[in-house]
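Participant: Read off the chains here:
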Amino acid sequence: MRTSPSLLSLTIDSALLNLSNIADLSPLPDHIVLDLFLLPARTRYFLSSRHSTFESQLPLSFLPDVLRNSEIVLISETCTSLDYRVAISCFSEALYFGIELLFVFGKMSLAIRDDEIDIIIGAIRSDLTSFMNEWRPMFSRFHLIIVKDPDLKEELKIPEGFNLDVYEKSDIDRVVGSSTSVLFSGYACRYFGYLVSRKKYIISVDDDCLPARDPKGFVVDAVAQHITNLTTPATPFFFNTLYDPFTEGADFVRGYPFSLRSGVKCALSCGLWLNMADHDAPTQALKARQRNSRYVDAVMTVPAGSLVPISGINIAFDREVVGPALVPALKLAGEGKFRWETMEDIWSGLCVKVVCDHLGLGVKTGLPYVWRTDRGDPIASLKKEWEGVKLMEEVVPFFQSVRLPREATTVEDCVVEVAKAAKERLGSTDPVFARAAKAMLDWVNLWKSVGSISSSPAV
Amino acid sequence: MATVSPTPLLKDELDIVIPTIRNLDFLEMWRPFFQPYHLIIVQDGDPSKVIKVPEGFDYELYNRNDINRILGPKASCISFKDSACRCFGYMVSKKKYIYTIDDDCFVAKDPSGKDINALEQHIKNLLCPSTPFFFNTLYDPYRDGADFVRGYPFSLREGVPTAVSHGLWLNIPDYDAPTQLVKPLERNTRYVDAIMSIPKGTLFPMCGMNLAFNRELIGPAMYFGLMGDGQPIGRYDDMWAGWCTKVICDHLGLGVKTGLPYIWHSKASNPFVNLKKEYKGIYWQEELIPFFQSVTLPKDCTTVQKCYIEISKQVKAKLGKVDDYFNKLADAMVTWIEAWDELNPSGAKSAELPNGAAK
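Chains as they are written, first to last, in this note's numbering: chain A, 1 to 459; chain B, 460 to 818.
Keep in mind that the hints were calculated from the coordinates and are not lab data. Note that beta-carbon positions come from the ideal geometry of N, C-alpha and C, so glycine has one too. Please note that the accuracy of each hint is not assured.
[Unchecked claim] Only pairs whose alpha carbons sit at most 27 Å apart, straight line, appear in this in silico BS3-like list of lysine-lysine:
1) 337/A to 265/A
2) 216/A to 568/B
3) 553/B to 216/A
4) 199/A to 169/A
[Unchecked claim] Covered by chain B, according to a simulated footprint, are these stretches of chain A (three or more residues, beta-carbon under 8 Å):
5) 153 to 165
6) 185 to 191
7) 201 to 215
8) 271 to 283
9) 377 to 387
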């Protein structure tokens with residue numbers, strides 16, 4: 001039974017609807033603020049903050065019943081840092097009146113500056129003209145590091161108009177010494193870029209990948225999507241069936257514990273590939289005409305404790321948080337210049353995941369897609385290098401069984417522990433593992449000496 | 460190239476379980492997809508009300524009187540005035556597979572505008588293996604056009620049997636009451652074209668609106684708890700079943716999939732009513748999740764029933780102190796298993812129990 005509205009009640013109704021536009025409640029008289037937010041005794045509120053605008057979406061028709069009957073009412077969804085202050089001031093008012101306010105704060109999307117990002121390309125092929133031109137709309141804002149595969153003899157062809165630094169064999173030798181530079185041959189050359197970069201976020205795609213289009217025909221900005229992935233929390237401790245809860249139009253589902261809704265920092269973002277998916281050589285050889293045309297519109301966090309083969313073809317990571325854990329370690333005997341002939345990224349990714357799980361960091365997978373061009377012949381690759389597929393039978397159980405000690409609290413310590421375990425448990429199985437373990441230790445040392453200091457890049 | 464074989468209908472191996480309190484008009488929209496199958500309708504609420512089932516469906520219907528008659532004193536484990544009563548349908552079914560759906564769920568359209576045959580997709584999900592031991596970044600590797608990615612060990616590519624297929628919802632998303640209150644206008648419009656195995660060791664919030672499972676593999680774990688009338692909590696029935704089910708699946712090496720198919724969820728329930736029902740659950744789930752995450756089942760728990768009884772013991776031991784409700788729930792879990800075994804004696808042909816009368 002509603003009493004007819006008064007001017008005050010109508011004003012308060014309207015204020016609630018427009019709460020987003022009221023940045024500062026302090027000019028309001030106390031009793032109005034109280035009427036706005038507080039209810040008769042024994043009433044509690046949820047205040048939930050998530051996106052960057054402060055909005056009240058409550059249909060007013062619900063409110064009067066609530067005022068009478070309910071114990072809990074929700075007011076608003078989102079908070080900027082400004083509205084944090086409003087919320088906190090309500091909180092103290094509420095406390096004064098003995099009313100409990102339950103705050104549920106979600107993420108706030110961080111604004112990233114362009115100069116916090118490096119795009120690092122390992123040049124396995126010399127002519128990067130069409131690659132760079134296709135990516136120009138996405139790349140040109142950022143600083144790029146191009147690392148030339150030391151085994152590549154031809155001169156690099158790079159179009160004009162980019163802000164970039166190029167590193168070649170001579171640079172690698174100079175910085176890390178010619179004995180250690182072997183770490184960076186082939187696809188692993190990009191790790192040199194990771195080493196010398198001074199930016200927080202790194203995005204890396206293979207030089208045979210182009211921008212993809214989504215089902216609506218729009219070009220996918222892989223850089224923007226990776227940055228979004230890295231700057232919104234990950235949720236590794238409980239699976240959200242609507243996938244990324246921080247994306248527009250989605251949220252945590254019923255049954256998702258509130259204490260887990262703030263998530264953890266996302267350290268790594270793995271993207272996917274249309275056209276040539278990252279299958280191994282036997283699979284691609286068997287399904288020679290298969291091309292990936294399925295665009296799965298989702299990003300999700302890989303749950304803690306669950307390992308995943310992280311392809312290096314399209315990744316991004318927070319270098320400050322997890323840099324040393326991406327290790328150029330596993331070099332196959334027959335390693336070559338096609339992804340079918342490598343497993344270095346898979347080993348590296350497993351190491352990153354184990355470290356992230358131990359340190360409470362998140363790894364996401366899904367969007368963005370890149371378009372991976374047809375290149376090479378899987379059967380030829382299989383003939384050249386077939387051991388990698390077999391080695392996974394040892395590698396995956398190994399990583400699944402690695403337990404990092406509690407004392408390993410830094411990424412470097414964790415990597416060293418993984419290296420030790422690899423040497424112990426896999427070293428005798430195949431010399432490639434003993435070499436990988438050593439490479440990991442060399443990498444950590446390099447990271448400590450070169451990766452952490454600020455040095456000006458050559459060229 | 461191998462051609463895609465048509466999905467078997469399994470019409471004699473699958474029952475559709477529908478809890479209802481009002482009417483079953485929604486079945487008209489599902490008719491093209493559901494008509495071949497046998498329905499088990501569990502009528503909640505007032506048993507004297509007559510539920511009209513659309514013509515042409517083969518069904519059995521159970522109301523509260525039937526439940527009491529069939530289970531006797533054990534009927535106490537079946538909730539009243541809550542859709543949790545649907546698990547009675549699982550118990551009396553004689554089929555291998557169950558599909559359960561809410562009466563406010565309709566046929567959705569995929570992005571091309573085509574009607575989605577949800578049941579067909581669930582059957583596909585259940586008939587093909589899961590891969591819970593290593594995450595495949597291209598999601599379901601057995602799907603047309605997909606496969607395992609580089610780095611996926613061949614020894615894990617056979618997968619394990621799939622026990623549960625968890626579908627999703629377009630339009631009204633399955634949010635809890637606080638989220639509904641904050642975002643009453645949000646609609647799920649994102650069609651994510653993927654099915655994936657939930658990794659071993661990872662829990663998830665299982666929604667009962669659009670769910671299928673292999674009754675033979677996991678049926679006894681699908682107890683939807685004590686909810687509704689006379690209980691301090693509601694809207695956690697499917698959550699409870701999901702946590703128990705996942706723990707048992709992980710222990711027994713069975714798979715749980717989530718993703719496609721989508722149905723169209725049409726009705727947004729009143730968030731304030733929901734809040735009252737969920738209120739305790741929202742606080743309790745903070746204890747329940749760590750509890751389930753830490754449950755370990757001994758090696759000699761080799762059947763679902765044994766696993767379930769073991770969980771009920773741990774519920775009593777560790778959650779009884781959170782609230783006395785969990786003592787009651789633990790007892791109800793045992794009652795459920797006793798009732799399940801009575802109605803589903805192993806080895807014997809389960810033809811003795813008469814169906815509820817089709818009204």
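Participant: All hints are to be evaluated individually against the structure, with a verdict given for each.
Facilitator: Hint check results:
no.: 1; hint: 337/A to 265/A; verdict: 34 Å, violated
no.: 2; hint: 216/A to 568/B; verdict: 17 Å, holds
no.: 3; hint: 553/B to 216/A; verdict: 46 Å, violated
no.: 4; hint: 199/A to 169/A; verdict: 22 Å, holds
no.: 5; hint: 153 to 165; verdict: violated (count 0)
no.: 6; hint: 185 to 191; verdict: violated (count 0)
no.: 7; hint: 201 to 215; verdict: violated (count 1)
no.: 8; hint: 271 to 283; verdict: holds (count 6)
no.: 9; hint: 377 to 387; verdict: violated (count 0)
Violated hints, in rising order: 1, 3, 5, 6, 7 and 9; the structure is consistent with all others.
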